[in-house]
Amino acid sequence: MLFPLYWMLNASLLPSTDLVKSSPTWIPLHGTLQGYRNAFSSQGGHLLVSLGVSAGTVVLVLLIAVPAAYGMAQLRAPGGRSLTFAFLIAQMIPGVVMANSFYTAANTLHLLNSPLALILADSTLCVPFAALILQTAMRQVPAELSEAAVLDGAGRIRTLLSVILPVTRNAVITAGLFSFLFTWADFLFAVTLTTDDDRAPVTVGIYRFIGAHLSDWNSVMATGIIASLPAAVLLVVAQRYVAAGVTSGAVKD
Amino acid sequence: MSTTAARAALRPAGRTDGSPQAGPTGNHRRHRARWAAVAFVVPAWLYVAGFYLYPLAGSIRMGFQNYTVSSFYTGVAPYVGWANYTAVLHDSHFGRTVLNTALFTAGSLVFQFAIGLALAVFFNRRFPLGGPLRSLLLVPWLLPLVVSGTAWRWILDTDSGVLNHVLLQLHLASHPIPWLASTHDSLIAVTLVNIWVGIPFNMVILYGGLQAIPGELYEAAALDGANAWHRFRHITLPLLRPVTAVVLTLGLIYTIKVFDVIMILTQGGPAGSSQTLTTFAYNLSFQQLLFGRGAAVGNLLILVAVVFAAVYLRSTREQRQAGR
Numbered sequence: 001m002l003f004p005l006y007w008m009l010n011a012s013l014l015p016s017t018d019l020v021k022s023s024p025t026w027i028p029l030h031g032t033l034q035g036y037r038n039a040f041s042s043q044g045g046h047l048l049v050s051l052g053v054s055a056g057t058v059v060l061v062l063l064i065a066v067p068a069a070y071g072m073a074q075l076r077a078p079g080g081r082s083l084t085f086a087f088l089i090a091q092m093i094p095g096v097v098m099a100n101s102f103y104t105a106a107n108t109l110h111l112l113n114s115p116l117a118l119i120l121a122d123s124t125l126c127v128p129f130a131a132l133i134l135q136t137a138m139r140q141v142p143a144e145l146s147e148a149a150v151l152d153g154a155g156r157i158r159t160l161l162s163v164i165l166p167v168t169r170n171a172v173i174t175a176g177l178f179s180f181l182f183t184w185a186d187f188l189f190a191v192t193l194t195t196d197d198d199r200a201p202v203t204v205g206i207y208r209f210i211g212a213h214l215s216d217w218n219s220v221m222a223t224g225i226i227a228s229l230p231a232a233v234l235l236v237v238a239q240r241y242v243a244a245g246v247t248s249g250a251v252k253d
Numbered sequence: 001m002s003t004t005a006a007r008a009a010l011r012p013a014g015r016t017d018g019s020p021q022a023g024p025t026g027n028h029r030r031h032r033a034r035w036a037a038v039a040f041v042v043p044a045w046l047y048v049a050g051f052y053l054y055p056l057a058g059s060i061r062m063g064f065q066n067y068t069v070s071s072f073y074t075g076v077a078p079y080v081g082w083a084n085y086t087a088v089l090h091d092s093h094f095g096r097t098v099l100n101t102a103l104f105t106a107g108s109l110v111f112q113f114a115i116g117l118a119l120a121v122f123f124n125r126r127f128p129l130g131g132p133l134r135s136l137l138l139v140p141w142l143l144p145l146v147v148s149g150t151a152w153r154w155i156l157d158t159d160s161g162v163l164n165h166v167l168l169q170l171h172l173a174s175h176p177i178p179w180l181a182s183t184h185d186s187l188i189a190v191t192l193v194n195i196w197v198g199i200p201f202n203m204v205i206l207y208g209g210l211q212a213i214p215g216e217l218y219e220a221a222a223l224d225g226a227n228a229w230h231r232f233r234h235i236t237l238p239l240l241r242p243v244t245a246v247v248l249t250l251g252l253i254y255t256i257k258v259f260d261v262i263m264i265l266t267q268g269g270p271a272g273s274s275q276t277l278t279t280f281a282y283n284l285s286f287q288q289l290l291f292g293r294g295a296a297v298g299n300l301l302i303l304v305a306v307v308f309a310a311v312y313l314r315s316t317r318e319q320r321q322a323g324r
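Residue numbers (our numbering), protein chains in the order written: chain A, 1 to 253; chain W, 1 to 324.
Fair warning: there could be bad hints in the mix.
Not everything, but these chain W residues come out facing chain A in the computed CB check (under 10 Å) [claimed, not checked]:
{"no.": "1", "residue": "Pro43"}
{"no.": "2", "residue": "Leu46"}
{"no.": "3", "residue": "Leu119"}
Which bits of chain A does chain W cover? Going by a derived footprint, with three or more residues having C-beta under 8 Å, they are [claimed, not checked]:
{"no.": "4", "segment": "1-13"}
{"no.": "5", "segment": "34-43"}
{"no.": "6", "segment": "79-87"}
{"no.": "7", "segment": "101-110"}
{"no.": "8", "segment": "120-132"}
{"no.": "9", "segment": "181-195"}
{"no.": "10", "segment": "228-234"}
Quick look at which bits of chain W chain A covers, simulated, 3 or more residues with Cβ under 8 Å [said to hold, decoys possible]:
{"no.": "11", "segment": "53-64"}
{"no.": "12", "segment": "147-154"}
{"no.": "13", "segment": "225-233"}
Because the hints were derived from the structure by calculation, they are not lab data. Positions of the beta carbon are idealized from the N, C-alpha and C atoms, including for glycine.
Please model the entire structure based on the sequences and the hints provided.
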């Protein structure tokens with residue numbers, strides 16, 4: 001299961017000449033960091049785009065999903081049930097259909113190649129997921145807590161910010177982290193909405209890089225390792241949140 | 001926060017409604033509170049309308065239009081009725097594409113599930129380092145597919161790929177297999193990689209299901225002399241049925257729209273041999289710039305997804321009722 005990952009790490013450290021030999025080199029004893037230098041110089045800009053788009057998406061997703069979950073779970077807003085249903089169904093629309101529509105919309109609005117278009121498109125991968133996770137968590141907060149806050153004179157927004165959010169911190173972190181990962185890993189929207197190479201996120205950067213430098217596996221794999229860092233960091237830092245998030249209905253396409 | 005909690009605990013019991021003052025004005029106030037709550041969900045509804053319903057409607061409309069490159073400049077896209085659908089259905093690649101999609105999906109599901117279940121059963125026994133190892137196995141699922149797909153592309157390389165090297169060394173193959181370059185092997189190769197990608201998801205969900213099965217059942221069965229296979233066959237499988245239904249339907253819904261894996265490994269080729277409905281729709285829209293036909297294929301895909309979504313929602317409802 002993990003061999004492909006080892007093989008990628010191994011390849012990222014080997015000089016390109018070792019990679020095309022007829023017998024594979026199993027351990028990078030005579031390793032080089034040249035691949036990483038190439039990766040940063042050619043993909044550095046793409047990494048920054050990905051970072052910006054992912055961070056922007058997390059903010060947008062939480063801005064929509066947190067109030068919605070609060071309204072559905074705690075305030076029992078009218079139509080909450082159908083909103084949940086809408087989110088469940090929304091996750092099932094194939095991405096290629098969305099890409100088709102987003103492309104024409106972005107074209108009309110002159111938003112092609114804009115990070116904003118990517119943030120908006122990528123948020124559709126995360127909003128249903130985040131809303132459903134947050135809703136489940138907020139449902140478990142006892143009503144007495146927010147009632148007490150109201151007695152203390154707090155308004156609804158104040159209650160949400162200083163009572164509900166601290167209690168449901170784990171779910172908020174899970175939703176945010178997964179939104180970041182989904183966006184970071186997105187390829188379909190990235191490849192359809194960015195035609196200009198300089199504005200492309202790292203997934204498209206790698207994709208076009210392979211197309212142009214098929215023999216330079218060492219740099220390609222080094223880029224792959226760098227692009228995997230968010231997932232690795234996430235796994236180390238937030239292991240327990242991840243396990244919780246996955247089991248409460250995480251889905252990825 | 002702790003003071004709020006303490007005060008909540010001290011609050012006299014017996015008051016059941018949420019408003020501070022019950023009574024004639026309480027009813028009115030509750031009504032108003034209910035509508036004030038709407039303010040919190042309005043952005044989400046607007047979002048659903050703007051980012052799911054509108055694109056969906058756009059795609060359905062585009063399926064009936066002759067939407068091409070010039071439409072982007074002129075803004076004119078004449079309605080053509082079912083012409084896009086007939087064109088797609090009569091496309092010489094269509095039959096092959098549907099067959100590929102079915103084979104890809106079925107192959108992925110069967111092996112993802114079987115291997116995922118085997119791993120879940122394996123990790124269900126407690127042993128040192130089981131926990132960390134289990135979360136390490138999640139990595140393939142969390143990595144960007146572009147990255148793992150690229151790693152696989154090199155592993156599957158005909159001449160310098162490690163898979164062919166191992167197969168040749170073990171005399172399992174007599175000559176290097178052109179995994180990604182032959183019309184015969186490309187579908188097998190993309191399915192193989194997609195199985196690898198999906199195993200962690202199956203493992204995690206099935207592991208959760210296994211954890212919920214009470215251990216006493218196994219102890220009792222062991223006392224009655226049931227061997228490991230019998231316990232698996234008569235306890236694990238039946239009690240895992242609801243979770244199995246969810247995993248398989250979710251897996252199905254997500255597998256029929258897989259894009260990244262195929263796009264990175266083969267671009268659907270060579271000669272359409274690994275093309276599925278998803279990459280077909282993408283190719284029509286973004287390579288041939290026939291957006292109307294791309295939308296038509298996309299809409300067919302939605303139709304399939306809706307059917308399975310209905311099955312999924314039914315299975316979760318049954319599961320929830322079973323859990324009661």
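Hint by hint, here is what the structure shows:
Of the supplied interface hints, the one on W/Pro43 holds, with its beta-carbon coming within about 5 Å of a beta-carbon of chain A, less than 10 Å. The beta carbon of W/Leu46 is positioned within 10 Å of a beta carbon in chain A (closest approach about 9 Å), and the interface hint is therefore held. Hint on W/Leu119 holds. Least Cβ distance to chain A is approximately 8 Å, under the 10 Å limit. For the segment 1-13 of chain A, the stated coverage by chain W holds: 7 residues have a C-beta nearer than 8 Å to a C-beta of that chain, and at least 3 were required.
For a cut-off of 8 Å, the count of residues in the segment 34-43 of chain A with a CB near a CB of chain W stands at 0, and the three-residue condition is violated. Under a criterion of three residues with beta carbons nearer than 8 Å to beta carbons of chain W, the stated coverage of the segment 79-87 of chain A is upheld, 5 such residues being counted. Look at the segment 101-110 of chain A against chain W: 6 of its residues bring a Cβ nearer than 8 Å to a Cβ of that chain, three or more, so the hint holds. Only residues whose C-beta sits within less than 8 Å of a C-beta in chain W count toward coverage, and the segment 120-132 of chain A has 5 of them, enough to reach three; the restraint holds.
Against chain W, the segment 181-195 of chain A contributes 7 residues with a C-beta closer than 8 Å to a partner C-beta. That satisfies the three-residue criterion, and the hint holds. Look at the segment 228-234 of chain A against chain W: 4 of its residues bring a Cβ nearer than 8 Å to a Cβ of that chain, three or more, so the hint holds. Judged by the Cβ-Cβ criterion of 8 Å, the segment 53-64 of chain W is covered by chain A as claimed, because 6 of its residues qualify and three suffice. Judged by the Cβ-Cβ criterion of 8 Å, the segment 147-154 of chain W is covered by chain A as claimed, because 7 of its residues qualify and three suffice.
By the rule of at least three residues with a Cβ nearer than 8 Å to a Cβ of chain A, the coverage given for the segment 225-233 of chain W is violated, with 0 such residues.
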